[in-house]
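With chain A fixed as given, assemble chain B onto it according to the hints.
Chains as they are written, first to last, in the numbering used here: chain A, 1 to 428; chain B, 1 to 119.
In short, the hints are calculated from the structure, not lab data. One should not assume that every hint holds.
[As the list claims (entries may be wrong)] Restraint ranges, calculated between C-beta atoms of paired labels, are given here:
1) A:Ala-373 x B:Asn-17: 43 to 49 angstroms
2) A:Lys-164 x B:Lys-91: 47 to 53 angstroms
3) A:Ile-184 x B:Leu-49: 50 to 56 angstroms
4) B:Lys-54 x A:Lys-164: 42 to 48 angstroms
5) B:Lys-91 x A:Arg-79: 44 to 50 angstroms
6) B:Asn-60 x A:Asp-111: 50 to 56 angstroms
7) A:Ala-160 x B:Leu-16: 51 to 57 angstroms
8) B:Asn-17 x A:Gln-56: 51 to 57 angstroms
9) B:Asn-17 x A:Leu-268: 45 to 51 angstroms
10) B:Leu-16 x A:Ala-314: 54 to 60 angstroms
11) A:Leu-215 x B:Asp-100: 22 to 28 angstroms
12) B:Met-1 x A:Lys-164: 45 to 51 angstroms
[Unchecked claim] Straight-line C-alpha distance at most 27 angstroms; calculated DSS-like pairs for lysine-lysine:
13) A:Lys-164 x A:Lys-131
14) A:Lys-342 x A:Lys-418
15) A:Lys-424 x A:Lys-370
16) B:Lys-59 x A:Lys-72
17) B:Lys-59 x B:Lys-29
18) B:Lys-82 x A:Lys-72
In this text the structure is predicted, and so the values were computed from the model without any measurement. Where a beta carbon is used, it is the ideal one built from N, C-alpha and C, also for glycine.
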Amino acid sequence: MSHESPQQVVEHLFRHESGKMMAVLTRVFGIHNLSMVEDVVQEAFLKAAQTWRYGQLPDNPAAWLMRVAKNKAIDIIRRQHLTRLYSEDLAQQLQAQADEAVETAAQFFLDTEIADSQLRMIFACCHPSLKEEDQIALTLKTISGFSTAEIARALVTNEATIQKRLYRAKQFLQEEHIALEIPIGNQLTERLEIVYAVLYLLFNEGYNSCKEDELIRRDCCVEAMRLVVLLSNHAVGNRPATFALLALMCFQASRFESRIGENNTIILLQHQDRNTWDKDLINKGFQYLNHSSQGQELTIFHIESAIAAEHCMAGSFEQTNWERMLYLYDLLLEQKPTALVKLNRAIVLAQLDQAGQALREIRQIEGIDKLLATQYLYSAVMGDLYSQVGDCINARKLLQQAHELTTSLAEKKLILEKINQLEKIHLS
Amino acid sequence: MKEFMFIFKAPYYEDLNLSAQEAESNMYKWINWVKQLRSEGVYVEGRPLMKGGKIVSGKNAVATDGPFAESKELVGGYFIVKANNIEEAIKLTRGYPDFDINGSIEVREVMVVPKPAEA
Chain A
1 MSHESPQQVV EHLFRHESGK MMAVLTRVFG IHNLSMVEDV VQEAFLKAAQ TWRYGQLPDN
61 PAAWLMRVAK NKAIDIIRRQ HLTRLYSEDL AQQLQAQADE AVETAAQFFL DTEIADSQLR
121 MIFACCHPSL KEEDQIALTL KTISGFSTAE IARALVTNEA TIQKRLYRAK QFLQEEHIAL
181 EIPIGNQLTE RLEIVYAVLY LLFNEGYNSC KEDELIRRDC CVEAMRLVVL LSNHAVGNRP
241 ATFALLALMC FQASRFESRI GENNTIILLQ HQDRNTWDKD LINKGFQYLN HSSQGQELTI
301 FHIESAIAAE HCMAGSFEQT NWERMLYLYD LLLEQKPTAL VKLNRAIVLA QLDQAGQALR
361 EIRQIEGIDK LLATQYLYSA VMGDLYSQVG DCINARKLLQ QAHELTTSLA EKKLILEKIN
421 QLEKIHLS
Chain B
1 MKEFMFIFKA PYYEDLNLSA QEAESNMYKW INWVKQLRSE GVYVEGRPLM KGGKIVSGKN
61 AVATDGPFAE SKELVGGYFI VKANNIEEAI KLTRGYPDFD INGSIEVREV MVVPKPAEA
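With the rest of the complex left out, here is chain B:
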């Protein structure tokens, strides 16, 4: 099996002005989705990213606060899942609860880099 990374891009709940209850019920959908993936044995890990951050660029490696993409394209977190191929990986995105709020998932295969043969 190959490993795929789900990169989640969706507006933050704060920016959408969701009520605590709405965010809560959204979170249950996520938790159930993760539960489902776990039971299928394809969930490897998943973590949120802190909001904000810096972009370092240029010859002088200047760190700036942005520009970040539009709010709806912010990366909020990622999953690593197992699948045989990209089509299977895409099928696993079906339970993603944030399609409703303009969220999207970038699905990328994680490359396996062979360890150098022992000398």
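Looking at chain A on its own, in the form it has when it is part of the complex:
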């Protein structure tokens, strides 16, 4: 984007810099001082806003902000020479001069350490004792600099809920004195799994929705990708699974623009204009996919990105290699035997002219009655399949159910069209 106005540059800067500043300052003061760290970051931003608004932006606003944060940190160290304020790293030096503590703290502000601090912060936000929903909210807040309101919009909930999640998560980190560290050995592998899951969820929250608040959703996707790139550039994250996840995100993101139509309707894969898919992102996806094929590991992300790649390679929906898709979904099912994967596999079956079999398999999904009653996607897909096999009565029943269940206006519209279509078939 070469036409960015200064304002846009600053806008991205605020969001990204806040995450960096949070990470570095938390490394200096310890996670038990998270609230104080937030205050320091906030003060730095207020100072920037107060200073830059008269018409003079610094040459390097990012460096300017970081310097303010650093100065404030050093101020605090000099002023409040108290044990409880420091991270373990600094506490040991308390016997020594404040100058030495300052020097150690200053090290954390070096460029080489900033990425490291951010990763530590990501690992802390993805602590296994936190609930998944809390992990996501905390990541968006501390790593990505989203406001409470923005998080609420991104996760389609209200601010009070997000505040509660953030409070709960911070309380836990502070009270349990969670260390800001990168786990090693088996623990690293386990923690990476959670980090992947959280970043993937973050991406999906941004991706799987309609035009309302498109901007904030795009930011979610961009953030998730930025953080996976950060992970892939660091020794601990430089592994095939990370590249597979990145490939998957690139393939998905390449369709970001194409999935929403003019009247705020969702355009299904089969109706998307494939010329509008972002070729650069698709190419990047294939590069990462290549990268991910080193080693023996075949993770869920490998399979899912292979599935996404199939879509990108097909000239049209009809030309999709559904046989290969079925093979890939069988592989995926072995590792991820979830209801959703089973549902998607059934959709592939239907493409291979086995709609009847697809319906039978969906009915066998464990807890399907509850899923149908609570999640619109299941009733929507089943309704579609019933209409394919010519069972208009069941098709209408399920589509109407889906229509009631979804909160998205775009989905409602799409389902209503299908119901109307059904009427026509029935009447003719």
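Coordinates of chain B only, in the frame set by chain A:
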């Protein structure tokens, strides 16, 4: 064209307890306003003032920390703009984002002092 000074008086963002995001969006309004004035060719310069300061007064020129005016009357910074007359200058204040937060602008013409004729 004459030059006018805009003296901005408004509470500091810290004192208003603005969130980083609120201050941020306020700053964009300022930046856009400056951009607008620049494009009209009337913006000459603008600078913020450091918070705090001293007041020096009395026969003995004693420096004190105040008393400063109320928080909302603190001068945060200034602009120099060009306009033909005070009415035009006042029109230029329309984009000022801080009217909402009890801010005000003192508009003063900068006097042109002729250089002494060369001897």
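Indices of hints not satisfied (ascending): As far as the earlier hints go, 7, 8, 12, 15, 16, 17, 18 are violated by this structure, in ascending order.
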